[in-house]
Every structure is written in C-alpha cells, then in structure tokens.
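Student: Each residue of the sequence shown is one higher than the one before, starting from 331 at the first, in this note's numbering.
None of these hints come from the bench; they were simulated from the model.
In this text the structure is predicted, and so the values were computed from the model without any measurement.
A hint or two may mislead.
In silico PhoX-like cross-links for lysine-lysine, where the CA-CA straight-line distance does not exceed 25 Å [what the hints assert, rightly or not]:
hint	residue 1	residue 2
1	Lys687	Lys863
2	Lys1057	Lys1114
3	Lys863	Lys743
4	Lys1057	Lys877
5	Lys611	Lys646
6	Lys654	Lys1181
7	Lys687	Lys654
8	Lys724	Lys877
9	Lys1114	Lys1200
10	Lys1085	Lys1057
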Amino acid sequence: MPRRTPRNATDGVRTSRRLFGFLKTASVCVLIAALLSPLTQTAAAAAPSAAADDYCGGRCSDILPPGENGNATLAQILLNQAFGTQPDHAEDQLGPYANLAGGYPGLTDATINTFFDDASFGVPSDQVASSEKPAGRGDVTIVRDKKTGVPHITGTTRYGTEFGAGYAAAEDRLWLMDVFRHVGRGQLTSFAGGAAANQGLEQQFYRNAPYTEADLQAQIDSAVADNGARGQQALGDVNAYLAGINAYIDASDGGRYFPGEYDLTGHKDPITNAGTIDHFKVTDLVALASVIGSLFGSGGGGEVNNAVSLLAAQAKYGVEEGTKVWESFRERNDPEAALTVHDGQSFPYGAKPADAKGQALPDAGSVTEEPLVYDRTGSAATASARSMSGTAAKATLGSARRGMSNALVVSGKYTASGHPVAVFGPQTGYFAPQLLMLQEIQGPGISARGASFAGLSMYVELGRGQDYSWSATTSGQDIIDTYAVELCQDDYHYLFHGTCTAMDQVERKNAWKPTLADGTAAGSYTMRAWRTKYGPVEYRATVGGKKVAYTSLRSSYLHEADSIIGFQMLNDPDFVKGPQDFQSAAQHINYTFNWFYADSRHTAYYNSGDNPVRASGVDAEFPVWAQPAYEWRNWNPATNTADYTPASSHPNSVDQDYYISWNNKQAKDYTTASWGDGSVHRGNLLDDRVKKLVVAGGVTRAKLTQAMADAALADLRAEDVLPDLLKVIDSSAVTDPTAAAAVGKLQAWVSAGAKRTETSPGSKTYANADAIRILDAWWPQLVKAEFEPGLGSDLYTAFTANLPTDEAPSAGHGPTGSHAGSSFQYGWWSYVDKDIRAVLGEDVQGGLPRKYCGGGSLGNCRDSLISTLKQASALTAAQVYPGDDQCSAGDQWCADSITQRALGGIKHGRIGWQNRPTFQQVVEFTSHR
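When you get a sec, could you build the whole thing from the sequences and use the hints?
Tutor: Okay, here's the thing in structure tokens:
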C-alpha cells in the first residue's frame, strides 16, 4: 500500500518550476485530478521499532541526500514538474547536507544532527510514521520514521528479513533498480529513451562488461558453489530479496501506485493500466553488481595510453632519457605522496621490474580504438550522440576512475572521549533518486544500518553494526592488464596458445522512439563487442609490423557477484567482533576498495581486491604479449581465476594514530593504476588537517567533521600550489598594474584560507570571486606555458591523455556531465609543485629530471607566469564560465554547483559546491559487546 502523499508546500532547496516542454498547465491539472485517487490509501497502524543491541550511545549519525524516497507516482511527478512540490522524504536530507558548508565553523557535538540524521538502531515510538507487514507476512515488519522515512526492517526469520529488504528497496527505488538492470545489460536506451546521456551510459558499461545472460547466471552459480554454507545462505537471501521486490511490483501494479516513470516511458498506460513491469530475477542483480563494480571498484587499465606516451617520450629524448622522463611523470612511488598507511610499512605492488619482459608496445601511429557502436540511425547518428560515445569510451579505457569517497579516522588515544572517532563515506555522484538508499536490517544473522546500492540492498554495504562501523573509498590499484593478441586468418581470429581461435561476437541492438519522459527523436544502433579469452578487445594496432588486438583482462571480470560473501560477513554480528574479523570480511570483497573500521576501542584499515600475481618481469604499466609466459600465475581462462597476492601483502593496519583517504596512495611501494599520486593530492587536504588535530589531541566528532567540511571547500591548487607560484612572481617587484592587481587578489584569497565559500550562507556569490575566476582561467594556461615548450607538443599532449591538467569544480565528469561535486582528483598540481620548487631552489624529493618553467631560469619562469596571469585575468566571468543547460554564462557559483542528476521524473534544486562524500557517517562508539 502506498505510504506517501504529495506535499503542497515546498521546503528546503527548491526545484525548477519549468514544465515538461510537451505539457501544458491545463493538461497537468486534468491528469493530476484523475490520478490522485490511488494515493488516498493509508499505511498500516504505526507500531514502534524495537531497537537491537546498540553500543553507539547516540553518537552515530549519517546523511544521504536528496532523500530516502526515490519513487513517485505519475501524479507526484506531474505536481513536481508543474509546481515544484516534492513527495514526502524525496528531498528532506538535501537541505541539511547543503547547509553544512555554511554551518560547520560553529559545529559542536550537540549540533551535529542539525546537519546529519540520528543513526541509532530502531525508531522511538513517538517517531514512528508507519508500520507495515509486507505482503501480509507475519515474520517481518517495516517501520518508517517520521523525520526521514528510512525503512527499519525487522524479521523473525532470515527469509522474512530479506523479503522485507527487497520490498522496502522496491518501495524506495524500483524505477532506479529497473534502469540499472538495463544499464548492466546495455539496454538502457531501449528501456528509458535515447537521450545522448543514456547512450553514453550504456556504452560505457557495455564496453567494460559485455556479458550474456549465461555469463550473468554463471557468476551467481560460481559465487554460491565456491563459498560453502555462506554461499548457500547468500543464494537464499537473494531469492527472498527478489520475492520481496516482486511482491511490491505486483501490489503497486494492482493498486496503481507504482513509479510514474513507467507511464511516462510507455511501459504502462496511465488510463487503462495496460502494460507490465517485469519481475526481477537473479541475473538482474548480477547485472546491477557489474555496473557498481565497474564504476567504483575496478582499478587499472590505461596501458595502451601509457605505451603511447612512453613512445612519445622516447621519441623526444631517446630511449634511456625518455624512459626516465616518463617514469618521473608517472610517479609510481613518489616519496612525497600522502599515504593512508603512514607508519613506514611497505607493501610492494606494481613496481617497475629491473628487466621488463614480454612488452608489446605498439608501432608509432598504429593504435586505433576498437569501435563499439555500429549501424547508427536517426538520433543515434547526430553529432551530440557521437560525441557522447567518445566521452564514454574515454571514461572506460583510461586508468582514471572518478570518485570522491573519503575517510578520516582517529584512534581513541587522541580523542577527548578515549574512543575512536570516524567521519567517512563513499562518493557515488549526485542523482535523483540517489544510487544508494538507507535502511536498517535486523534479523537472524543480520544487524546493521547504513547505505546500499539500490537493487543490491539485501545487506548493508556501508554503515554500522551493533558496536562497529565501516566504510570504503575507491583504491584504484591495478587489477586490469592489457594483452596483445596476435591476429591470424583475419581481424577476428587470434592466436591462443598457438591455435588460431575465433573471437566471440556479442551484440546488443537498441532502438528507441520519443516518449513523454524523453523526447529524443527515434534512433537505433548496435553495440558489438569482440571477446577473447584475454578479455574484450579495446584497441587495434601493429607491434613490430604484426597486426594485434589489445584486450583488457581484469581479475573481477566474470566475478562481480563474488563480493556478496564479504558484505554478508560485515552484516553478521556473530562474525565481526573486532578489527581482525572486519579485515577478514573485507578480504572476501574483490572490488578495489580501501576499507575503514572503528569500534569503541580500535580502528583498522584494509585494501581489498583480487590483485593478480603477475609473471616475473611483467610491467603492469604496459601491454604484454598474450602468451603463456606472461599470463597471470595459474590463470584459468575458462573461469578467469588465477593466483592472487595474499592478504598480508595488501596494505592493512590496526590502530594507527589516524587514517585518511581521498583516493590517494595507500602505502609506501604500493602503486595505483591512475596517475597523479605525487606531492600534491587532495588527500593532503585531509592529512594536513587531521594531523594537526591529532597533535593537539582531544579530537571530537565535531572537530573531525569540521576538518572534513573545511577540506570540502578548499581549492587544492590555491592551498598547496599557489603560494609557491606567487613566491616566484614576487621574487622581483611586480610593476605591471594588471599583474599587480591580480597578484593582490590571489594573495588575499590565500590569506583568507583559499576556499570557495559564499559571502554568506545562501548568497550564491563567492567571497574572493575575482581571485577564484583568475585561478580557474590561469591554471590551464600556466600549465601549458610551463611544460609544453620543454616537453614538445606531442609529448605534452600524450601526457595530458594520461592525466588531465585540471579538475576544477565546474569540470565535466564523463557521461553524467559537470555539477558532480567531485573535484581536484586528477590534475597536474604535483608536477607544477615539484617544478616550481625546483626552480626556486628548494629541496624536492622524487623531482622531475629537468626544470621546465622558463627552461629552469627563475626570471624566465616569472615572466611566463606573469604573462599567462595577465591573459587569464583579462578573461571575463562569462568566458571562464560559459554556461550550460543548468547555468547562464558568467554565473560562477552556479558553474560550481551540484545538481542531483535526474534518473527519474522528480527534480531538485541545485546546492552549493562541496567536495564531499554523498553518503556520510559520523561515528563514535561508547562501548563494546
């Protein structure tokens, strides 16, 4: 039965009031009047939710914008589009989340829940909004609280508990779950419409995981068969969860309160209710898991781009010197990098071998990207569609994995209470509805509250148990290798262990036509992937004149379902009783994540992922020949299994003084696949602040949250690089009035803290706006002027393909576009920092092999910086921030702002920029079992 009705009053941040282009106000009102009747049913009588054993003492909090409710009926969608009204609990966490940016300076422990929600177990009787027995079952109850509408699921049987979890997931995210099971199969456009962003999204994931239905089923079969009793339990949990989802589909279909997007996309008829919502099945969950694993937990790739830039360096400088230059920019093991495990422990992985073997570097100019899309018709053949395909391919083929997850964890030795304090959470972007959903699950063998990806919420994936909490950040170590398969017979046969073998062709044909939800003109295309035993083909080239296909093999390929066991363990109070148990659970997760833990006595860290044991001499940075001598040790091509590095070889730690992570380097000698782990990384923004807190002692939840929030508004370039740039400029008196004015503004900004903050909360105008505009315009110009003359155009361009020069808040982030929050993850700040310090004559560890700014001359470097600074300062705000579908040209605040990207019919207003996790916990457990 439906539990929500549309609100007539607005609250918090407001959405745009513009209508769908094809709707008129009169027709909206008629439709609303006709559709309101199904919403008048009421939920079952409220009953309190019994609290399980809770050792947090009221000191656990969390937040997940925009709101728990991610489903809306057609009437609610139309009301939102016409008048800006929001369904209950669709947006009530967005305001508190946004307000922390202005409210954190005065934060105290007592006011934390002004900006977060109480994450205690259970619901007090006076806070119960509704209570229901899904499908009339007597073994499970779903209670929702008044403040946020989060489901608190309590079961007396394991089956009933998981049935309730599935039912609640469908209540809150059915449409989103349906969208992503189609994304995972490469079928989004035919399901939801042919918008260019939809095309890019399905292409991005299909290129990485072109699975057949049999592949999806084999994954769950393997995960169950290989894990004994826990595997069988996982299968039982999945089946119960699916039964709950499908029970809600049937109930909402019969009661006509299913998500209105099914009407707007033509899957249901809003008048007759004709049409179907397909039941979910096991393979749908594997498809969902493949999307999540690919997006957030698959570090590696980029070997072909690495090879191209290495060849460019060798062409510029010669083999020996060019290799040295390349390695310096790669920063595999930079001694100045911020580390998560900073106590001196070494965890060698991905190091440069003394004598590389099996390398298969392409002949210069021979590399071509493997096409994915064929037979374009209609809107699929437009320039915007083709451009989006290029963006999607770039997001898939490179080593840079976008993410903004961060963690700050402090040992109880340095806190005011003597108990550890943690502020941590994952960044999954900003969507409406959100990819994650909140829930509490209490039942036999399960006791947890937190966030889970919609459609995979049979367990809490990031959250808290009875006396412990855990979270994750994307780690990015290399579990993907590129193999050069030698072609034979034609372009679609290759040599496998000496035998000419046909590639497997996997296709997905998609077609769409305009709907009420997506007016994109009719179109179609075919996605065609060629698969080998070494993974899908990504590029073609020649190596020493031989035609090859470059393939991508990742250790989690065909194994996205395996991680279910680790999550099951994390939810089990009888399994996790301390930091070692937590680490053991994380070892069962094959995604590349950094995992963090805190209870009342201990903190811990573990880096997860199936790190393959490579053949001796193989350099994981570059393509290698697809030959037995260079395969992973004991690799089985039929199952894509191999030997993996032991748990002790993964960065891990218990009770270090503090941990920070912002997708930075994990530990000494542990190489990540992405570039940019150097002297300046956004991890420094956390490390500098937390280190100061630890030195001072007496850390509280409020102080650690303040450190996170302060870093979330910092401009990394301005805080850590700009002072040295200004030092070069100020090495002589600045006499040019234009340059002097710009320098004065930049100096004032640095003195004020170098943050992108509003003049006052809600003003939508930045303090130091001119300085921010100048740096945004100056940075790409100064980088190019600093490095391109010395590197040469070809090598400079090749290096920018490995690592973009900048990632300001207004930058784009793949098919989802800009306004995504995450910033300063990838850029040339470390290169600029090391080079400028070298020019200044300062000590640099792990420096570049030569000085680039001004050819190493301080005076010439200064002239270059002043010249580019004057050019940048002359650019108007409209030139620096040209505007887009969200913002008018010149609107600096809006250009940075965060948008909840609509994946359904409900829209929300923009919020100010914060460089911060989407879901976030603030925890301090006061006791332990």
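Student: Hints first: check each against the structure and report whether it holds.
Tutor: Hints, one by one, checked against the model:
no. : hint              : verdict
1   : Lys687 x Lys863   : 21 Å, holds
2   : Lys1057 x Lys1114 : 19 Å, holds
3   : Lys863 x Lys743   : 51 Å, violated
4   : Lys1057 x Lys877  : 52 Å, violated
5   : Lys611 x Lys646   : 55 Å, violated
6   : Lys654 x Lys1181  : 14 Å, holds
7   : Lys687 x Lys654   : 18 Å, holds
8   : Lys724 x Lys877   : 23 Å, holds
9   : Lys1114 x Lys1200 : 15 Å, holds
10  : Lys1085 x Lys1057 : 19 Å, holds
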